[in-house]
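Asks: Listed here are the chains, written in short residue letters.
2 protein chains.
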Amino acid sequence: MKAYSFDKVELTSGYLSDKQELNRVRTIYAVYDRFYETGRIGAFDFDYVPGEGKNPPHVFWDSDVAKWMEGAAYIIKKHPTPELEAKIDALVEKIKAHQDENGYFNIHFTVVAPESRFTDRDKHELYCAGHLMEAAVAYDEATGKRDLLDCMEKYADHIARVFMEEGNAAFQTPGHEEIELALVRMYLHTGKRKYLDMAKFFIDTRGSSETSEPNVSYNQSHLPVREQTEAVGHSVRAMYLYTGMAYLAAQTGDEGLIKACKALWDDVTLKKMYVTGGIGSTYVGEAFTNPYDLPNEGAYTETCAAIGLVFFAHAMLALENDAKYADIIERVIYNGLLSGLSLDGTSFFYENPLEINLVEHFANERGRKRLPPTQRVECFSCSCCPPNINRFLPSIGKYLYAMDGDTLFINQFASSRLEDGEVVCKVTTDYPVSGNIRIEASGVGKIAVRIPEWCEKYEIDREYTIVNGYAVINNSGGAIKVTFDMTPRAVFANPRVIRDCSRLCVMRGPIVYCAEGVDNGENLHAYSVPCDFGYKEEFSAEFGLPTIEVNATRLIPFDSGLYSSRRPEKVAATLKMIPYNCFANRGKTDMIVWLHAE
Amino acid sequence: MKAYSFDKVELTSGYLSDKQELNRVRTIYAVYDRFYETGRIGAFDFDYVPGEGKNPPHVFWDSDVAKWMEGAAYIIKKHPTPELEAKIDALVEKIKAHQDENGYFNIHFTVVAPESRFTDRDKHELYCAGHLMEAAVAYDEATGKRDLLDCMEKYADHIARVFMEEGNAAFQTPGHEEIELALVRMYLHTGKRKYLDMAKFFIDTRGSSETSEPNVSYNQSHLPVREQTEAVGHSVRAMYLYTGMAYLAAQTGDEGLIKACKALWDDVTLKKMYVTGGIGSTYVGEAFTNPYDLPNEGAYTETCAAIGLVFFAHAMLALENDAKYADIIERVIYNGLLSGLSLDGTSFFYENPLEINLVEHFANERGRKRLPPTQRVECFSCSCCPPNINRFLPSIGKYLYAMDGDTLFINQFASSRLEDGEVVCKVTTDYPVSGNIRIEASGVGKIAVRIPEWCEKYEIDREYTIVNGYAVINNSGGAIKVTFDMTPRAVFANPRVIRDCSRLCVMRGPIVYCAEGVDNGENLHAYSVPCDFGYKEEFSAEFGLPTIEVNATRLIPFDSGLYSSRRPEKVAATLKMIPYNCFANRGKTDMIVWLHAE
Numbered sequence: 035m036k037a038y039s040f041d042k043v044e045l046t047s048g049y050l051s052d053k054q055e056l057n058r059v060r061t062i063y064a065v066y067d068r069f070y071e072t073g074r075i076g077a078f079d080f081d082y083v084p085g086e087g088k089n090p091p092h093v094f095w096d097s098d099v100a101k102w103m104e105g106a107a108y109i110i111k112k113h114p115t116p117e118l119e120a121k122i123d124a125l126v127e128k129i130k131a132h133q134d135e136n137g138y139f140n141i142h143f144t145v146v147a148p149e150s151r152f153t154d155r156d157k158h159e160l161y162c163a164g165h166l167m168e169a170a171v172a173y174d175e176a177t178g179k180r181d182l183l184d185c186m187e188k189y190a191d192h193i194a195r196v197f198m199e200e201g202n203a204a205f206q207t208p209g210h211e212e213i214e215l216a217l218v219r220m221y222l223h224t225g226k227r228k229y230l231d232m233a234k235f236f237i238d239t240r241g242s243s244e245t246s247e248p249n250v251s252y253n254q255s256h257l258p259v260r261e262q263t264e265a266v267g268h269s270v271r272a273m274y275l276y277t278g279m280a281y282l283a284a285q286t287g288d289e290g291l292i293k294a295c296k297a298l299w300d301d302v303t304l305k306k307m308y309v310t311g312g313i314g315s316t317y318v319g320e321a322f323t324n325p326y327d328l329p330n331e332g333a334y335t336e337t338c339a340a341i342g343l344v345f346f347a348h349a350m351l352a353l354e355n356d357a358k359y360a361d362i363i364e365r366v367i368y369n370g371l372l373s374g375l376s377l378d379g380t381s382f383f384y385e386n387p388l389e390i391n392l393v394e395h396f397a398n399e400r401g402r403k404r405l406p407p408t409q410r411v412e413c414f415s416c417s418c419c420p421p422n423i424n425r426f427l428p429s430i431g432k433y434l435y436a437m438d439g440d441t442l443f444i445n446q447f448a449s450s451r452l453e454d455g456e457v458v459c460k461v462t463t464d465y466p467v468s469g470n471i472r473i474e475a476s477g478v479g480k481i482a483v484r485i486p487e488w489c490e491k492y493e494i495d496r497e498y499t500i501v502n503g504y505a506v507i508n509n510s511g512g513a514i515k516v517t518f519d520m521t522p523r524a525v526f527a528n529p530r531v532i533r534d535c536s537r538l539c540v541m542r543g544p545i546v547y548c549a550e551g552v553d554n555g556e557n558l559h560a561y562s563v564p565c566d567f568g569y570k571e572e573f574s575a576e577f578g579l580p581t582i583e584v585n586a587t588r589l590i591p592f593d594s595g596l597y598s599s600r601r602p603e604k605v606a607a608t609l610k611m612i613p614y615n616c617f618a619n620r621g622k623t624d625m626i627v628w629l630h631a632e
Numbered sequence: 035m036k037a038y039s040f041d042k043v044e045l046t047s048g049y050l051s052d053k054q055e056l057n058r059v060r061t062i063y064a065v066y067d068r069f070y071e072t073g074r075i076g077a078f079d080f081d082y083v084p085g086e087g088k089n090p091p092h093v094f095w096d097s098d099v100a101k102w103m104e105g106a107a108y109i110i111k112k113h114p115t116p117e118l119e120a121k122i123d124a125l126v127e128k129i130k131a132h133q134d135e136n137g138y139f140n141i142h143f144t145v146v147a148p149e150s151r152f153t154d155r156d157k158h159e160l161y162c163a164g165h166l167m168e169a170a171v172a173y174d175e176a177t178g179k180r181d182l183l184d185c186m187e188k189y190a191d192h193i194a195r196v197f198m199e200e201g202n203a204a205f206q207t208p209g210h211e212e213i214e215l216a217l218v219r220m221y222l223h224t225g226k227r228k229y230l231d232m233a234k235f236f237i238d239t240r241g242s243s244e245t246s247e248p249n250v251s252y253n254q255s256h257l258p259v260r261e262q263t264e265a266v267g268h269s270v271r272a273m274y275l276y277t278g279m280a281y282l283a284a285q286t287g288d289e290g291l292i293k294a295c296k297a298l299w300d301d302v303t304l305k306k307m308y309v310t311g312g313i314g315s316t317y318v319g320e321a322f323t324n325p326y327d328l329p330n331e332g333a334y335t336e337t338c339a340a341i342g343l344v345f346f347a348h349a350m351l352a353l354e355n356d357a358k359y360a361d362i363i364e365r366v367i368y369n370g371l372l373s374g375l376s377l378d379g380t381s382f383f384y385e386n387p388l389e390i391n392l393v394e395h396f397a398n399e400r401g402r403k404r405l406p407p408t409q410r411v412e413c414f415s416c417s418c419c420p421p422n423i424n425r426f427l428p429s430i431g432k433y434l435y436a437m438d439g440d441t442l443f444i445n446q447f448a449s450s451r452l453e454d455g456e457v458v459c460k461v462t463t464d465y466p467v468s469g470n471i472r473i474e475a476s477g478v479g480k481i482a483v484r485i486p487e488w489c490e491k492y493e494i495d496r497e498y499t500i501v502n503g504y505a506v507i508n509n510s511g512g513a514i515k516v517t518f519d520m521t522p523r524a525v526f527a528n529p530r531v532i533r534d535c536s537r538l539c540v541m542r543g544p545i546v547y548c549a550e551g552v553d554n555g556e557n558l559h560a561y562s563v564p565c566d567f568g569y570k571e572e573f574s575a576e577f578g579l580p581t582i583e584v585n586a587t588r589l590i591p592f593d594s595g596l597y598s599s600r601r602p603e604k605v606a607a608t609l610k611m612i613p614y615n616c617f618a619n620r621g622k623t624d625m626i627v628w629l630h631a632e
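Quick mapping for you: the protein sequence lines, in order, are chains G and H.
For the first sequence, my numbering assigns the number 35 to the initial residue and increments by one for each residue that follows.
For the second sequence, my numbering assigns the number 35 to the initial residue and increments by one for each residue that follows.
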C-alpha cells in the first residue's frame, strides 16, 4: 500500500491531534530554546575557538538541530508560522555561509577537528548528513525554498565522490546509520537516481568489508545486510538501517532485502520488544540483548528507538499489506513513544523504564549503579530524542491512511480528514477514549479497516471480509460504523520472558496501563491482580484518557523482621492505574507495569 | 554467656566437621598456593623493585596472608602440622627481618610508597596491622612461639605513639576497621591494658572528628559510634567495627556501646539481611543500602561480610543470653557463608547472589553491566574472602558451647565433645541431615538448648522451660534427646522486600534451598510452588545434605510471539532443589532461591 503524506491528512480533534498541537505550540519552542541555551544553535555561527570557554560543538549537534528543522518544516507545511520559518532561514543562511567549497558540511569537523574529516567511522558525520538531508527535503516541501536542499545535494555529491568514486575516507559505511533512508528520501523528492544509488551503495557495502572491527554487531556490520536475521546492537542504528533497507526495497523490489527486512521485523517484534513497543533492553550500547531478555526496571527503550520502530513498521507496510505493521505502529505511538514526552510538552525521557522502585535507587544516587532516571528532563547532553519527537508529531498524519488499487486502508484511528484529489475520507472518533469510529469515504472502491490485534470483540455495521488483519468493506457510500470493545483486559507475556512470569499487564484498547506510588502507596509489588479483575474507569482530563481502578489484593507488611513461615496476609484493595505514557508527571514515585497476577 | 574456645571443642563427625576437614586438608593449601603464585607470599621478601615486572604489593596483601596465617595457626592448634608451621615460621622470620626499628610494618608502605605511611586513611595500614595482630595471637596460642606476637606488640606500641600520643598521622581512625577488635584480642591474650585502651581510643574517636570527609558513612564515620543506630556503608567494615564495639563493651560494660550494638544488630538482622544471612546488598561500595532493599540477582553479600556477621553475633551473645544471636550464626554459616566455598574446597565466591538468570548476563559478558560472577574462582585480585574461610572453619568449634554460671548453653548442633576441666559435654547428631540430637553432659547444673527460631515442632525428653529462645533443662545426668522437625517448609519475606513479594523460599531446618537450571531447565521463573507443597527428599553424598523434589507447576512458553490476552498454560511439574550453599558447583547455570508462590 502507499501511505498518504501527512500533508494530505488533517487531524481534526482527539488524542493524537492534541499531542500534535502540544508540539506545535509548545514543544517545538521548548526544544529550540534548550538548543539555543546549550550552544547548539549558536554553533552554526562556526565561531567556536578552543579555550574560550564555550562547549565545543559535539559531533552529533548538527543532527539535533536538523531534526528540529525537519519538525518545524512539517509544522510550517500545515500551519504557516513565520517565527519558525525565520529560525530555519537563519540556520540555512549559516549553513550556506559555512559549507565548504567542495560541499562538505559538519560543524564539529570544521571548527574542532577539521583535520579528521571522514577518518572515524563512529563520529556521526554521515548520520548528521542524513538528518540535514531529511530537513532539506522537508523544508523544500513545506516552503518551496530550496537553499538547504541545494546545500545538501552538493554535500551528497561530495559524499558520493569521497565514498563511491575516490574511496578515500577511512571507512566505507557510516558507524551510525541514517543517511541510507535519507538518501532514498532525497531520491523520491528530487527524482535523481544517483541518490538511490548512493543509498544502495551504503546498504550493500555494510557488513561486507568492515566485519573485523571490534563490536561490529553494535552497528550491524557483522554480516552483509541481506544475511542478517537477528536484530543486534544499538537499537536506533538498527531501526534506521532496517528502515533504509525497506525504503530501498520498495524502490527496487530487491527480494533479498525484503526477506532480510521481514526476518529482522519478526526478530524485533516477536522476541525483543516490550509490551509498550519499546526496544533496546540495555543501556550497554543502548542495544538489543538476548531474545526474551526484557528487564522492566532497567529497560533502556530509548524514545528514538521507538520512533525508529515506527519508521521501520511504516516502511514495511509499503512492502506488504499486513495489519501487523500498523498494529506495532499503534502499540509504539500510544505507549513507549509518547511516554518520552511530558504532559506539559517541555520535558523528555530518553529511557522509558517499565518499573521504578525508588528503594533500589539508593546506589544510583551515588552515581554508580545504573538505573534509568525517574523524571523527564528538558535537555540531554545527547539530546537526540526531543527533536525526534518534534519531527514525529507533526508528521503523524502519514500513519493514518494508505491506498492500494481502489482500496483505502485505515491504519490508525483519529478524527481526521483525508483529501487527495477525488479521494476523500472523513473519520470521526474519540479513539482511544472509546472504540466508536465513523468512517465516510468517497472516491474509493473499498475500505480496509485495521482490526487491531488486541481487539477480540468488534462490530461493523456492514458486510466485511477479513484479509491480513483488515476488515475489507465495499464502499457503497454513507457512514460506516465500527466499534472496538475497549474493556480493560489482562495481557500476559510469553513465559520465556522471565521477568514477566506470574505477572500481568493491564491494557485498555491500545493503551498500556501502569500503577504509580503517588496513587497507591509505596510498595506496588504488594498488589496482586486477578486475571478477570473487576474495575471502574473514569475519564481524566489531565491524561486525556481514562484512568482505571482495578480490584486487587494487597499484602500486609509484617510489623517487624524479615522472614516468616507464615504467609503474609492479603486484604482486598483497589489499584489505581493510569496510562503508561503518562507516568512520572507527578513527581518522583514508584511505577509498575507488570503486576503480580493472582 | 562465655563461649568456649574452639580448642576445647572437638568436632567428631558430621556436616561442619567435614567442612573443617576439607579446609584442613585442601583449602588452606589451595589458598597458600594461589597467594604464592600471585606474589603475596613472595612480597614478604621486601624485594619489590618498581619496573622489574612484578606486581607491586597491594596495600591489603599483608592482611590476606595474615588471615591465612591465623587459619593455619588454628589448624596447628588442633592438628600439629609441620608443613603449615614451617610456612608460618618462614613468614614470621621475614616479618622480623623487615619490621622497622620503630615497630612499623607494612609491605606496600615500605617497598612501594615508604613516604606515604599513615597519610591516607583509605589505604588499609591499620586494617593490615589488625589482621597481623590476630594472626600473632593465634600463633602464640597454637604454638607458644611468640616472635610474631613480639613484632605485633612493638607495632601496636608504635601505632599508639603515632595516633594517641603524637597525633602525627594524617588521620585519626582507620578507613577500614579491624584493628579495634584485634586490639581487644591482644588485650585478652597478653593481659596488657594498653591494648584495650587503644581499642577504646579508635572506637571513641570514630565519627567524632572525621565527619566532614566525603562518604563518611562508607566507613561508619558519620556519627560517634554510640549514636549510630543504622547499619550503613561497607558491610565488612561495619561488621568488624560492630564486633570491636561489642568486644570492648564486654570488657568495659559500657552501656552506651551496648545500646548502639543492639540497635545496629536489629537494623542489620530485621531490615537488611538476606534469607541466607548474607548482608550488603550492593556492589556500589560493597555496602548496605535502604531497609528492605534486597535484590536477588544483584545481591553482593560478600563472603567476608557473612563471616563478619557471625563475629558480631558471637560477640553479642557474650553480652546477652539470647538465642537470636545464635540463630543468626546458624543461618549465616549454613547458607551465605558456606556458599563462598566450592564443594571441592578450592574455589570461592566473593559475591553470593540469590538468583542467576544467564539470559541477563548478555551485557555482562561485554564487561559493562554489573552482575555477580556465576562461577567460583580460585583467587581474586582482592582476595580477602578465601583466607577468611581458612580462619573461620578451623575455629568453628567456638560457636557451639558457652557457659553462664552453672548453665551450659548449646548454641550450635554438631557431633562434638567439649572438655574444659570438670565440664564435659558430648553431643551426637547428624544435624542438619536429621534433627535428632543426643546430649550428655557432666559438671554442669543446667543445659540450655537453643530452640532454632525456624523450628515450630520439637520434642525434648525432659522437662524444660523456655528462656530467651533456649530450652533450659536441669541436668540430672544421662542422655537428653532433642528432636527438631526437619520437614521442608515455605518461608516468606516481609512484603516490604519488594523483590520477594508473591514468592517463597524453601527451607529445611536451617538450610536454604535453591533450584538450578542444570536440574530444572532453562527458565526457573516458569515454576510456581504452592505454599503447602508436597515433596520427596533424598540424601545426596555430593552435597552432604538432602536434595528435595518439590511439587510445582510450570508455565508453558508460547510457541511464538511475546504478548497475549490468554494466560499461559500451566502443567504439573517437580522442581529439584539443592542446598543454596552448593549452587554453582556443576557449571554455569541459572539459579533461583525465591520461587514464585502459587
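Rather than coming from a laboratory, the hints here were simulated on the basis of the structure.
Treat the hints loosely; a few may be bogus.
Identical copies go unnamed one by one, so any copy, or any two together, can satisfy a pair.
No more than 30 angstroms apart at the CA atoms, straight line, and that leaves these computed lysine-lysine pairs for DSS-like [as the list claims (entries may be wrong)]:
hint : residue 1 : residue 2
1    : Lys604    : Lys358
2    : Lys121    : Lys293
3    : Lys432    : Lys36
4    : Lys460    : Lys622
Asks: Have a look at Lys604 and Lys358 and pick one of within, between, both or neither, based on CA distance no larger than 30 angstroms.
Replies: between (41 angstroms within a copy, 28 angstroms between copies)
Asks: Regarding Lys460 and Lys622, is the shortest C-alpha distance of 30 angstroms or less found within a copy, between copies, in both, or in neither?
Replies: Answer is neither: 42 angstroms inside a copy and 60 angstroms across each miss the 30 angstroms cutoff.
Asks: Using 30 angstroms as the alpha-carbon threshold, which applies to Lys121 and Lys293: within, between, both, or neither?
Replies: neither (43 angstroms within a copy, 68 angstroms between copies)
Asks: 30 angstroms Cα cut-off: does Lys432 pair with Lys36 within a copy, between copies, both or neither?
Replies: Cα proximity of Lys432 and Lys36: one copy only (10 angstroms, versus 81 angstroms across).
Hints 2, 4, counting from the list given before, are not met by this structure.
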